[in-house]
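Asks: Residue numbers (this note's numbering), protein chains in the order written: chain A, 1 to 278; chain B, 279 to 641.
Hints are supplied without guarantee of correctness; some may be wrong.
Said to hold, decoys possible - The calculated lysine-lysine pairs, modelled on BS3-like cross-linking and capped at a C-alpha distance of 27 Å, are:
id	chain 1	residue 1	chain 2	residue 2
1	A	Lys88	A	Lys165
2	A	Lys165	B	Lys369
3	A	Lys222	A	Lys59
4	B	Lys354	A	Lys86
5	B	Lys384	B	Lys354
6	B	Lys383	B	Lys431
7	B	Lys579	B	Lys450
8	B	Lys369	B	Lys389
9	B	Lys369	A	Lys86
Claimed, not checked - Pairwise CB distance ranges, derived in the manner of DEER restraints:
id	chain 1	residue 1	chain 2	residue 2	range
10	B	Lys383	A	Met89	34 to 40 Å
11	B	Asp391	A	Ile8	52 to 58 Å
12	A	Asn104	B	Thr336	29 to 35 Å
13	A	Glu168	B	Gly515	17 to 23 Å
14	B	Trp385	A	Leu69	21 to 27 Å
As the list claims (entries may be wrong) - Which stretches of chain B does chain A cover? Using the computed rule of at least three CB atoms under 8 Å from a CB of chain A, they are:
id	segment
15	379–387
16	448–454
Please keep in mind that the hints were generated in silico from the structure rather than gathered at the bench.
Bear in mind that the values here come from a model prediction, so they are computed numbers and not experimental data.
Every residue, glycine too, gets a C-beta built ideally from N, C-alpha and C.
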Amino acid sequence: MKRNACLIPLYVWTAVFVLFPLAIVVYFAFTRDTGNGVALSFESFTRLSDPMYLGVILKSFKIAIISTLICIFVGYPVAYILARSKSKMKLVIVILMLLPMWMNFLLRTYSWLSILENTGLVNTLLAAVGLPKIRFLYNEGAVILGTVYNYLPFMIMPIYITLLKLDESHLEAAADLGANPVQAFLRVTLPFSVPGILSGVSMVFVPSVTTFVISQLMGGGKVPLIGDVIEQQYRVVNDWHFGSALSVVIMVIVLVFMYFINRGDVESNNGNGGRLLR
Amino acid sequence: MGEHILELSGIYKTFDGMDVLNGIDLYIEKNEFLTLLGPSGCGKTTLLRIIGGFLTPTEGDIFYKGKRINDVPPHKRNINTVFQRYALFPKMTVGENIAFGPNIKKWDKKKIDRDVDEMLELVSLRGFRDRDVTTLSGGQQQRVAVARALINKPDILLLDEPLGALDLKLRKEMQIELKRIQQESGITFAYVTHDQEEALTMSDTIVVMNGGRIQQIGTPQDIYNEPKNAFVADFIGDSNILCATMVRDLEVSFLGRSFECIDRGFGENTPVDVVLRPEDVVLNPVCEGSPCGEVVSSIFKGVHYEMRIDVEGETIIAQSTINCPPGSRVSISVLPENIQVMHKSEMSPDRRIKACDKVNLEA
Ligand SMILES: Nc1ncnc2c1ncn2[C@@H]1O[C@H](COP(=O)(O)OP(=O)(O)OP(=O)(O)O)[C@@H](O)[C@H]1O
Ligand SMILES: [Mg+2]
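Could you build all of it, start to finish, from the sequences and the hints given here?
Replies: Laid out in structure tokens, this is it:
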């Protein structure tokens with residue numbers, strides 16, 4: 001009785017801030033404007049079979065997957081070195097890494113623009129030493145760079161936190177049993193850190209699939225992603241029905257993705273090791 | 279006698295300016311069961327970790343079959359360890375833990391499979407092969423740790439208080455089991471414990487340590503019957519350690535009386551320590567010529583009674599199958615061969631001895 005009473009605020013919260021907006025999105029997705037009112041319709045979904053939209057969805061996932069992989073391969077070593085370091089500077093470095101996370105997202109991305117644009121820092125330096133300018137911006141690479149830069153800390157942190165919990169004595173035991181440092185890493189450290197990697201993946205992958213700020217700024221509108229299309233439907237074309245249908249589709253795909261990731265997590269994790277999301 | 283499989287020479291270890299090991303010289307013979315015995319914090323684990331390669335000594339050398347191995351990393355030493363806190367791999371089953379070493383060494387899969395079963399049998403964990411190690415009790419984990427190390431058939435097995443988490447009965451069983459394993463496999467065991475009884479029952483050689491120094495090395499019989507100093511005597515079993523004066527050869531005086539003994543060569547009127555084992559103190563009805571005292575307490579210990587007797591201000595512990603109730607007066611006697619005379623140790627392990635040093639100085 002009492003326990004249930006305690007949960008009431010949670011139910012209210014979920015209803016107001018999760019279910020209600022979701023219901024509105026679903027409502028728009030499955031309806032159509034008939035001029036004199038709305039009617040149930042699957043028209044928005046049939047429009048999705050247009051190859052252009054499929055292409056955008058595929059590209060969004062491609063960029064998100066590449067960005068997430070880069071985040072793993074860059075973030076893991078950083079997290080590993082940080083977690084194993086005994087340096088007194090460790091805390092300072094961790095805070096420095098987190099600092100951009102506390103800075104406004106737009107601001108962070110704009111700062112990359114000023115570094116990479118044609119008249120930006122890098123190209124000015126290149127010109128100064130007599131080298132030809134390089135076109136960094138407004139292509140897929142730029143969008144990936146922006147995504148990796150923005151979400152890398154969200155990969156490093158969960159891995160770092162998981163690795164902190166790794167018991168030194170397990171590495172000693174591995175060495176004792178004949179494992180060289182590489183074998184000890186592959187057989188002890190890496191399996192132990194899988195939950196951290198999976199947390200990182202969920203924190204990087206989901207926002208990168210749906211980002212539109214990064215693709216607009218770094219891609220200059222030349223690399224439209226699914227987030228851009230949805231945003232356009234709401235703000236420019238004013239077709240909320242189609243925008244909602246796109247959102248629902250993306251949400252379902254992401255949910256399926258997350259289901260598999262979480263299942264891997266449960267399998268590799270028997271209650272120890274860390275995760276940030278649940 | 280046997281081949282020296284491992285030699286430690288002048289080992290010092292300092293942690294943040296704190297001396298933990300102060301000049302350890304020790305050799306381990308092939309196939310022996312050697313026990314490092316000492317109180318908590320005396321440096322046993324530190325010494326074992328130096329042998330295993332997890333720590334490098336601040337000073338001194340380690341030789342393995344005559345070769346200096348100070349700089350050889352743990353994974354290249356043919357030495358395995360049963361860690362004090364087991365250090366089992368949490369994401370693996372019991373079987374996977376035990377097979378870790380053989381898998382690294384790429385043994386034949388069938389052999390691994392067979393040996394794992396054999397090991398499980400050995401540590402009485404048949405049927406536990408697929409259990410998650412985190413669901414095991416402390417004692418079961420400890421036995422997995424033993425199996426995981428033993429399967430590698432190392433030249434030396436280091437065991438850091440491997441039976442600490444077991445109840446008395448299982449502990450006794452595992453003591454016998456480990457001893458049997460050691461004798462059958464011919465693996466050299468270096469065993470750490472702070473339980474003197476365990477050390478006495480299992481070891482070929484006991485190394486008594488205190489404060490980062492070796493106090494005495496010897497067989498269990500040597501250590502028990504002829505402790506070299508008051509610390510060893512005190513640490514090995516309940517004993518009465520008394521201040522005494524060696525009057526001349528074959529005569530020692532303590533508790534205000536003169537006793538016949540079998541020791542010589544201490545000089546005349548030399549201050550010494552005397553050890554009397556409780557089981558060697560004979561209680562008699564009061565008679566002239568032997569020290570008398572009053573029984574302060576008497577506790578039934580299963581087979582015998584343990585009595586504390588106040589004699590001339592000293593408390594003497596005696597064991598006897600006949601109970602003398604508290605308050606009764608008895609006199610005590612000791613056979614000459616049961617009086618163990620020792621040089622005074624530079625290191626006084628407890629206050630009792632310091633107090634009695636003072637008496638000696640005043641005398
Ligand atoms: N890494 C370390 N850093 C600083 N001091 C240490 C370290 N390892 C051990 N010590 C200190 O060295 C001393 C001896 O420790 P050690 O673990 O060898 O004792 P031990 O004889 O094994 O005791 P126990 O029976 O309690 O296990 C202790 O005072 C301990 O605090
Ligand atoms: Mg210890």
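Asks: Honestly, which of those hints from before does the structure not fit?
Replies: 12, 13, 14, 16
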